[in-house]
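Colleague: Okay, here's what each chain looks like letter by letter:
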Amino acid sequence: MQTSLPISSSSDTQPKMKQHCDHQADCLKMIQLILDGEATEQQLEKLKVNLETCQPCIQMYHLEKEIKELLQGRMEKKCCPEKLVATIKARIDSFS
Amino acid sequence: MPEIMSDTPTRGYTEDQKYQIFNKEFMPHIDSMYNFAFRLTMDEDDANDLVQDTYLKAFRFISSFEQGTNAKAWLFRILKNSFINDYRKKSKEPAKVDYQDVETTYNSEEAEVEHTVDLRAETVSDLIGDEVATALNSLPVDFRTVIILCDIEGFTYEEMAKILDIPIGTVRSRLHRARNLLKEKLRDYASSMGYNEENED
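Those protein sequences? They're chains H and X, same order as listed. Under the numbering used here, residue 442 is the last one in the first sequence; the count climbs by one each step, no gaps. Under the numbering used here, residue 217 is the last one in the second sequence; the count climbs by one each step, no gaps.
A hint or two may mislead.
Think about it this way: if two alpha-carbon atoms lie no more than 20 Å apart in a straight line, the pair counts; the simulated DMTMM-like pairs of lysine to aspartate or glutamate are [stated by the list, open to error]:
{"hint": "1", "chain 1": "H", "residue 1": "K375", "chain 2": "X", "residue 2": "E200"}
{"hint": "2", "chain 1": "X", "residue 1": "K73", "chain 2": "X", "residue 2": "D181"}
{"hint": "3", "chain 1": "H", "residue 1": "K423", "chain 2": "X", "residue 2": "D61"}
{"hint": "4", "chain 1": "H", "residue 1": "K423", "chain 2": "X", "residue 2": "D146"}
{"hint": "5", "chain 1": "H", "residue 1": "K411", "chain 2": "X", "residue 2": "D146"}
Computed spacing ranges between beta-carbons, pair by pair [what the hints assert, rightly or not]:
{"hint": "6", "chain 1": "H", "residue 1": "T433", "chain 2": "X", "residue 2": "K40", "range": "38 to 44 Å"}
{"hint": "7", "chain 1": "H", "residue 1": "E387", "chain 2": "X", "residue 2": "T186", "range": "39 to 45 Å"}
{"hint": "8", "chain 1": "H", "residue 1": "E387", "chain 2": "X", "residue 2": "R76", "range": "42 to 48 Å"}
{"hint": "9", "chain 1": "X", "residue 1": "D102", "chain 2": "H", "residue 2": "K364", "range": "21 to 27 Å"}
{"hint": "10", "chain 1": "X", "residue 1": "D59", "chain 2": "H", "residue 2": "M363", "range": "44 to 50 Å"}
Facing chain X, according to a computed beta carbon distance under 8 Å, are these residues of chain H, among others [said to hold, decoys possible]:
{"hint": "11", "residue": "H408"}
{"hint": "12", "residue": "E428"}
{"hint": "13", "residue": "L430"}
Keep in mind the hints are simulated off the structure, nothing from the lab. Note that the Cβ used here is the ideal one computed from N, Cα and C, for glycine as well.
Next up, chain H with everything else stripped away, as it sits in the complex (with noise of 0.2 Å):
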């Protein structure tokens, strides 16, 4: 006796799981948005959602968050030479 039929489960973990997306561009610019802290309730609300199940969503996701990340965080930040200040300084006191 057969002691288990060979089930054809999905194999799939994640059934749900969109792997393409029709609005990839307008997904986009929401999640600009969103990173950029300038989105609506209801967009982060959809967000929420797209990053449960939707493939393309979470993968721009991360790429425009860790762009984000590099350009806050990795970029040499200038800072204003100690003379320049010193400079300045001297050219408005001496309008008084």
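We have chain H already, so just place chain X on it with the hints.
Modeller: Below, chain X alone, put in the same frame as chain H:
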């Protein structure tokens, strides 16, 4: 009076008040201003001149600044206008016309729809600051500017609209296009370095 401040009523500050505003509200932003000037001009001497000119102008027109309002945005706006009027002309930057071309191209529906740059977050996380700076510097100045203001300086869209004298909708779309261009540059850079060769899709 420069056009930048002409929409603001003037205030009668005493000499003491002027110095107080200048030192307490303007000077604390000098590092951000210098960084902005350097990212715009990509040259230390030009950044020095631009920051100095901006601060002297700010002092001269201090009566059009309302104490306690957003000094950083006000200063950035003066710096941006000085850059356009005095520095851009003599620099090697592509002229406004070139930028218009780019914006027109990216404005078309077609460009928007097919515009998803094939670049991976993991690839980006391998890049270092200098590589990003190079990519950023290669963008036309108007695109570079919105990225600096938003991502590096953390201005809101509303503040950016005021600094740049453009509607918020234009801020949003210009930023979107700027980021697509930046991603293209980063992708080209990454593939030239052999970072991003596998495309598993």
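Colleague: Would you mind marking each hint as holding or not holding in the structure?
Modeller: Each hint, compared with the structure:
no., hint, in the structure
1, K375/H with E200/X, "holds, 16 Å"
2, K73/X with D181/X, "holds, 18 Å"
3, K423/H with D61/X, "holds, 16 Å"
4, K423/H with D146/X, "holds, 11 Å"
5, K411/H with D146/X, "holds, 18 Å"
6, T433/H with K40/X: 38 to 44 Å, "violated, 19 Å"
7, E387/H with T186/X: 39 to 45 Å, "violated, 24 Å"
8, E387/H with R76/X: 42 to 48 Å, "holds, 44 Å"
9, D102/X with K364/H: 21 to 27 Å, "violated, 51 Å"
10, D59/X with M363/H: 44 to 50 Å, "holds, 49 Å"
11, H408, "holds, 4 Å"
12, E428, "violated, 10 Å"
13, L430, "holds, 5 Å"
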